[in-house]
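Colleague: Each chain, written out:
There are 2 protein chains.
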Amino acid sequence: MSRSATDRPLRFTVAHRSAVCNARLGCVETLHGSFDTPAFMPVGTRGSIKGIAPHMVAGIGAQIVLNNTYHLLLRPGPELVARMGGVHRFMNWDGPILTDSGGYQAFSMAESNTLDDDGVTFKSIVDGSKIRMTPERAIGVQNLLGADIIMAFDDCPPSQRAGLAVEGIGPAIDPRLTSAVKRDSGKKGYDHAARLEIALERTRKWLERCQAAHERPHEQSLFGIVQGGTDLAMRTRSASDITGVDLPGYAIGGVAVGESTDDIARVVAHTAPMLPADKPRYLMGVGYERDLLVAVRAGVDMFDCVLPTRNGRNANAFTSGGQIRLRNKQFAEDAGPIEEGCDCPVCSPGTNGWRTPGGRAFSRGYLRHLFQAEEMLGPILVSLHNLRHFQRFMADVRRTVCSGDWDGLLARWPVAAPVVAAAVAAGEPESGDAALLGGETVGDLPDLSA
Amino acid sequence: MSRSATDRPLRFTVAHRSAVCNARLGCVETLHGSFDTPAFMPVGTRGSIKGIAPHMVAGIGAQIVLNNTYHLLLRPGPELVARMGGVHRFMNWDGPILTDSGGYQAFSMAESNTLDDDGVTFKSIVDGSKIRMTPERAIGVQNLLGADIIMAFDDCPPSQRAGLAVEGIGPAIDPRLTSAVKRDSGKKGYDHAARLEIALERTRKWLERCQAAHERPHEQSLFGIVQGGTDLAMRTRSASDITGVDLPGYAIGGVAVGESTDDIARVVAHTAPMLPADKPRYLMGVGYERDLLVAVRAGVDMFDCVLPTRNGRNANAFTSGGQIRLRNKQFAEDAGPIEEGCDCPVCSPGTNGWRTPGGRAFSRGYLRHLFQAEEMLGPILVSLHNLRHFQRFMADVRRTVCSGDWDGLLARWPVAAPVVAAAVAAGEPESGDAALLGGETVGDLPDLSA
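Sequence order for the protein chains is A and B. Numbering follows numbering that gives the first Met the number 0, with no gaps: position 147 of the first sequence is 146. Numbering follows numbering that gives the first Met the number 0, with no gaps: position 216 of the second sequence is 215.
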């Protein structure tokens with residue numbers, strides 16, 4: 000149900016609370032329709048969910064999508080989007096949209112930006128020009144884009160793990176993450192505690208500036224973001240800072256920046272309950288099924304991640320038992336679908352109105368061929384399957400909030416089971432089958448493109 | 000209506016003949032369903048119409064698609080396709096399929112093959128290995144793939160224009176075309192008349208070998224191919240050779256290899272009437288709307304071309320008035336559809352079951368953005384529009400065969416009007432609008448990818 004502009008632009012209703020954990024079933028209403036929570040938002044970085052037309056994004060069950068402010072700022076520019084009628088009309092998506100603030104890109108593109116107490120100066124990846132982002136600018140751009148939910152401009156510090164890796168103490172991490180550590184290091188090296196202190200202070204002050212700059216509060220709902228790394232005391236302090244500002248929703252940031260699954264679980268379990276129970280809680284940039292499940296049980300309502308499309312483009316297909324690498328030779332003559340019982344258009348074309356011979360699925364063998372032949376249809380079909388995979392998983396999670404049968408959920412989705420810590424530490428696949436991978440072993444990098 | 004395997008595998012019915020030209024309206028029935036003629040076949044080189052799921056190819060009105068034997072031979076290999084149930088099942092397309100023979104690739108990839116009286120030796124573009132193609136092998140591969148219509152293995156000579164260009168006499172042409180001239184030149188240079196003589200002789204002998212090698216005549220219909228370049232006497236001789244073999248259909252080859260629109264028209268008008276009136280006539284690799292129209296009026300029934308998808312990937316959109324370059328800056332804030340009145344899913348989402356805000360089209364401005372941002376959705380959407388453009392055009396052509404109102408057709412499709420010869424000779428765009436291009440000025444290269 001759409002809401003009139005005279006209401007507040009966001010209404011969150013909790014329909015059911017789990018008796019055994021902090022999970023809740025809810026619904027968020029916006030001026031562009033509603034979405035059920037816990038919700039998984041596909042990412043449309045540049046105003047397009049890569050390779051998938053918007054009606055198909057809706058068709059696989061997504062009710063809200065995310066766009067990246069930083070990327071749309073660079074190209075085509077927010078003024079153009081505004082003149083074209085706003086981002087909904089521009090990308091032809093009539094459901095709810097959330098835009099991030101660009102704060103994450105200040106972290107993920109640290110090799111090409113400078114950070115100070117007033118904001119971030121980016122070097123444009125489009126033409127090399129300098130782009131200045133401040134809290135006021137981040138909100139101004141989001142006001143022009145016109146998404147239903149907009150995010151505060153925050154300061155996301157590197158994870159402690161990244162700092163240790165740079166100093167050669169911790170395990171190796173994505174080398175791109177080290178850029179943020181290097182940018183934020185002084186003459187004496189990287190002082191993680193000091194960096195967290197700065198991040199909290201900036202994030203607090205910047206939120207106040209964001210709220211003051213927000214010119215469309217009757218149409219767009221501003222969410223604040225809690226930072227604090229993996230330091231629970233700092234998370235407590237940041238949550239207090241951020242929830243001290245009255246906003247329609249709150250997010251947990253800085254936990255999809257190189258942390259382990261265990262750290263994500265620990266931080267989320269600690270932080271989520273500190274956010275108001277009557278407002279939606281959003282865990283930014285997460286993630287794998289097991290991370291989503293832990294967060295739902297801690298009381299988180301909204302998620303976004305590029306995994307379905309990014310891994311889909313790389314021929315990695317999600318299944319309830321883990322990802323499979325479709326490029327693997329063992330699938331060359333496999334006539335079966337990606338996953339038996341999946342109701343996506345690729346695995347069940349007939350029930351989705353796709354005419355195929357005998358209503359048969361696109362086979363793993365054909366999908367492998369498409370990737371081997373570098374045919375665009377491969378990334379398209381596997382992205383579509385993966386998007387549906389996450390929507391199916393979240394729909395089952397929502398049912399489980401009501402039923403309380405969390406063991407049943409894990410039986411249907413073994414991939415969401417807690418990781419055996421020893422296996423993760425050793426970096427071993429969880430299966431002897433080279434083509435079947437656990438969530439930790441494929442594509443476990445933070446999203447640096449979004 | 001599907002046909003039983005006890006019938007001949009192809010039945011061609013002419014429903015109407017034009018009173019003013021040689022055009023005819025017909026229907027070809029195969030074991031995988033029927034298609035209306037004149038028909039335009041989208042090209043699915045490697046078993047996929049680039050970027051478009053098969054049900055969408057059917058959705059925009061295509062009833063038959065083409066696959067390339069050479070490319071499927073290299074990857075994934077015909078034996079694999081056969082074990083997967085044949086090419087229909089492999090690519091999940093339940094309508095008629097035509098496969099070419101690889102003869103065209105012997106021409107278009109001349110820089111990496113050698114030609115003799117027995118066949119062609121290719122250097123694989125996949126792994127550099129040597130691939131020997133003979134008439135027997137070309138048919139054997141097509142028997143394994145299992146298309147409804149299969150093509151004879153022919154010898155396609157370079158065009159006279161290409162020969163003249165290499166000698167510095169004619170206008171410059173696509174440099175890739177010169178490879179075939181160089182391959183086919185002796186110590187005294189390129190002797191076009193002698194080359195045509197060889198091509199005709201090989202094509203005649205190879206057709207007999209193809210027919211003898213064909214192991215599935217009750218399921219697959221073999222078409223012969225007339226060669227002869229732009230020499231009408233040679234076309235007459237080749238037509239006599241080829242139609243001397245009793246086959247379910249005949250094709251005109253070697254006119255989409257660098258010829259001018261005038262030459263295409265002249266050769267087709269001469270050759271088409273020499274092919275049996277009661278069998279389908281197929282003009283291979285053509286082409287632009289005006290070439291299609293001339294050929295239909297000469298009595299041709301079937302066409303294929305990569306233009307819709309190849310030009311779509313390059314942001315060139317077909318309209319009834321000519322192509323538009325969507326990358327052009329003038330479209331940056333254009334809220335209109337690619338073409339007003341077009342019924343494709345991109346221009347008319349609502350009537351195609353695509354949910355968009357207010358049922359609005361994807362705007363030229365948004366499509367331009369997708370290409371500027373290198374988003375896959377741009378090539379997908381413009382390819383889809385272009386595929387529908389050619390199907391809409393052919394549907395109108397079919398109606399016009401009955402109505403006889405050819406002037407009315409040209410009024411609706413100015414792009415199909417005969418080219419003013421002087422403008423083409425001068426190589427000038429036919430419009431002062433830099434973003435609106437005539438058929439001759441964009442992407443006028445032969446397809447070397449297929």
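Be a bit skeptical, because a hint or two may be false.
One copy or two, it doesn't matter: identical chains are merged, so the pair holds either way.
Simulated pairs of lysine-lysine, DSS-like, Cα-Cα distance not exceeding 27 Å [claimed, not checked]: (1) Lys-278 <-> Lys-328; (2) Lys-186 <-> Lys-122; (3) Lys-129 <-> Lys-181; (4) Lys-328 <-> Lys-122; (5) Lys-187 <-> Lys-278.
The set of hints was computed from the structure by calculation and includes no laboratory data.
Colleague: Confirm or reject each hint.
Modeller: Hint by hint, here is what the structure shows:
1. For a Cα distance limit of 27 Å, the shortest separation of Lys-278 from Lys-328 qualifies neither inside one copy, at 48 Å, nor across copies, at 44 Å.
2. In the homo-oligomer, the alpha carbons of Lys-186 and Lys-122 lie at most 27 Å apart inside one protomer (24 Å), although the nearest pairing across protomers, at 58 Å, exceeds that limit.
3. In this assembly of identical chains, the alpha carbons of Lys-129 and Lys-181 lie at most 27 Å apart only when taken from the same copy (20 Å versus 52 Å across copies).
4. Taking the shortest alpha-carbon separations for Lys-328 and Lys-122, only the inter-copy value of 24 Å comes in at or below 27 Å, while the best intra-copy value is 42 Å.
5. Proximity of Lys-187 and Lys-278 under a CA criterion of 27 Å is satisfied in neither setting, with 42 Å inside one chain copy and 85 Å between copies.
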